[in-house]
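Taking the hints into account, I'd like the entire structure generated from these sequences.
These protein sequences, in sequence, are chains A and B. Counting from 1 along the first sequence, just add 9 to a position and that's the residue number in my numbering. Counting from 1 along the second sequence, just add 9 to a position and that's the residue number in my numbering.
Just so you know, not all the hints are guaranteed correct.
Since the list gives no way to pick out one identical chain from another, each pair is judged satisfied if it fits inside one copy or across any two copies.
[Unchecked claim] Derived lysine to any residue pairs resembling SDA-like cross-links, with alpha carbons at most 20 angstroms apart:
{"no.": "1", "residue 1": "K247", "residue 2": "G181"}
{"no.": "2", "residue 1": "K207", "residue 2": "G181"}
{"no.": "3", "residue 1": "K248", "residue 2": "E186"}
{"no.": "4", "residue 1": "K99", "residue 2": "K248"}
{"no.": "5", "residue 1": "K203", "residue 2": "N179"}
Just so you know, the hints here were simulated from the structure itself, not pulled from any lab data.
There are 2 protein chains.
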Amino acid sequence: MKFLNKNYIIGIDIGGSKIIAALVKGARVFHKIKIPMPKNKKDFFSKLEKIIGELIKKAGGKQNIRGIGCGIGGALDLEKGIILSWSNVKFLDGLNIKNWLKKEFNREVKIDNDSKCFTRGEYLFGVGKDYKNVVGITLGTGVGGGIIINGKMIYGANGSAGEIGHMIINNGKDLEEATVKQMRKSKFSKMAAKEFEKNLGIGLANIINILDPEAIIIGGGAAKTTGAFILKARKISKKFIVFPQAEKNVKILNGKLGENAGTIGAAALFYSQNI
Amino acid sequence: MKFLNKNYIIGIDIGGSKIIAALVKGARVFHKIKIPMPKNKKDFFSKLEKIIGELIKKAGGKQNIRGIGCGIGGALDLEKGIILSWSNVKFLDGLNIKNWLKKEFNREVKIDNDSKCFTRGEYLFGVGKDYKNVVGITLGTGVGGGIIINGKMIYGANGSAGEIGHMIINNGKDLEEATVKQMRKSKFSKMAAKEFEKNLGIGLANIINILDPEAIIIGGGAAKTTGAFILKARKISKKFIVFPQAEKNVKILNGKLGENAGTIGAAALFYSQNI
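Okay, here's the thing in structure tokens:
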């Protein structure tokens with residue numbers, strides 16, 4: 010029993026509007042804690058300290074925690090563990106979150122982009138299990154992405170590959186601005202919904218034309234409220250996809266791990282180096 | 010001597026407006042023949058037969074030809090060797106070019122997308138030699154692309170990855186339409202040049218945000234006449250790139266193999282399976 014306990018990983022998903030943290034084993038999530046994203050740095054530290062402390066207690070002590078896996082939005086220096094810049098949560102810019110977590114809790118820490126964690130979670134344990142080439146898209150405060158090719162997460166030369174939400178699709182606006190952000194600004198008007206569908210459709214088509222994945226997996230906090238639009242977006246995407254077989258074969262899927270995908274995928278940083 | 014001769018490969022680059030064919034050994038090109046793209050299928054067959062026949066003669070006979078590597082635009086079924094659809098050269102739709110070449114010349118035949126051949130050529134022997142992660146962009150009759158990640162060409166689930174020219178960037182228009190096509194339509198007006206720069210800049214930024222490559226290599230028939238705009242496009246791209254280190258580190262390079270890149274990259278299909 011003690012041996013099994015030791016394999017707990019603390020998975021943390023730090024998004025633009027909330028933090029989810031839990032004890033994780035594979036795809037199983039225990040003692041999940043969910044709090045709104047704090048509004049300043051001081052609050053961020055004290056809240057994070059409190060919820061991680063609580064999880065360690067639930068696990069029966071630090072000795073049962075293998076490590077802390079943490080998914081975070083924004084531009085990260087993955088090697089050093091620094092949040093370089095995050096337009097949705099500016100007060101964390103420059104923070105070395107990896108060092109802070111290590112020092113506070115004396116466990117091994119691994120960090121990654123939050124949308125990559127979502128994609129990894131769904132790829133390993135969710136709706137992406139049967140594929141080797143998938144793109145994950147998170148619709149949340151912003152829009153993020155993760156690209157898996159031949160079973161490997163693509164990080165790029167500077168760790169920033171997958172920033173799908175910042176692809177410009179119309180009139181200088183990026184996919185993030187043209188979908189979730191304009192939707193919130195317009196207070197979910199009908200016209201905004203139509204724009205959302207069209208723009209998400211273009212985003213899907215662009216991804217398919219560039220990467221030709223087996224499947225695109227959609228998730229994130231806004232995916233629930235916008236789920237109905239995804240079918241329409243897929244329809245719209247068809248006319249922009251140039252390769253008939255790619256259009257026919259690609260699967261557009263809703264993630265099945267729900268809000269746990271991010272914590273599961275963050276914890277999974279400890280299971281596999283490649284993914 | 011005879012042994013060396015045997016290693017000739019016939020490299021063919023079939024683009025929207027011209028065909029280039031040559032005897033190729035590595036990065037060396039012998040007896041290059043260049044003709045305008047024929048206007049119908051009958052002419053296409055007879056011209057191709059003639060120039061390949063000429064190259065075989067120059068090589069001293071079929072026994073000195075290891076194989077035929079052929080780069081072609083449009084959507085291809087790489088396994089079967091069929092041109093599925095090609096908006097710029099409609100009369101070839103449905104042709105099994107691989108079988109035709111095999112039957113005509115009794116040599117092994119390998120085919121690939123023309124922009125992937127360009128990218129492979131520059132990656133193996135040109136300006137991409139020192140990198141492992143590059144994206145090639147061809148500006149020609151259309152706009153094509155090739156994506157190399159960790160030294161491997163990305164084909165996607167249906168062989169269509171890399172269709173960068175069909176990424177929608179503004180008002181339903183794709184990168185191809187918004188750069189080379191509008192430029193030709195407007196007869197190279199100053200305003201069209203400004204649009205070209207802006208739209209290419211957006212295309213570069215999108216590629217960098219999605220793939221974070223070490224280098225982007227630009228080539229193709231229109232790259233010569235538009236070379237001056239590429240510097241400006243790069244400047245414009247900066248404001249759309251979200252990750253500061255990617256913006257700083259990425260190299261935007263002109264190909265150095267000139268119009269030979271496509272034939273060299275098509276012939277290189279015989280040197281390496283992965284690339």
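Is it within, between, both, or neither for K248 and E186, if the alpha carbons may be no more than 20 angstroms apart? between (22 angstroms within a copy, 15 angstroms between copies)
First find the shortest C-alpha distance between K247 and G181 inside one copy, then the shortest across copies, and answer within, between, both or neither for a cut-off of 20 angstroms. Answer is between: at 13 angstroms across copies they meet the 20 angstroms cutoff, but 23 angstroms inside does not.
Can you give me the call for K203 and N179, within, between, both or neither, at a CA distance of at most 20 angstroms? Both: 15 angstroms inside a chain and 17 angstroms across chains, each within 20 angstroms.
Cα distance capped at 20 angstroms. Does K99 pair with K248 within a copy, between copies, both, or neither? Result: close only across copies, 19 angstroms inter versus 38 angstroms intra.
Reference check for the pair K207 and G181, CA-CA at most 20 angstroms: within, between, both, or neither? both (16 angstroms within a copy, 10 angstroms between copies)
Figure legend: structure checked against the earlier numbered hints; every hint is met.
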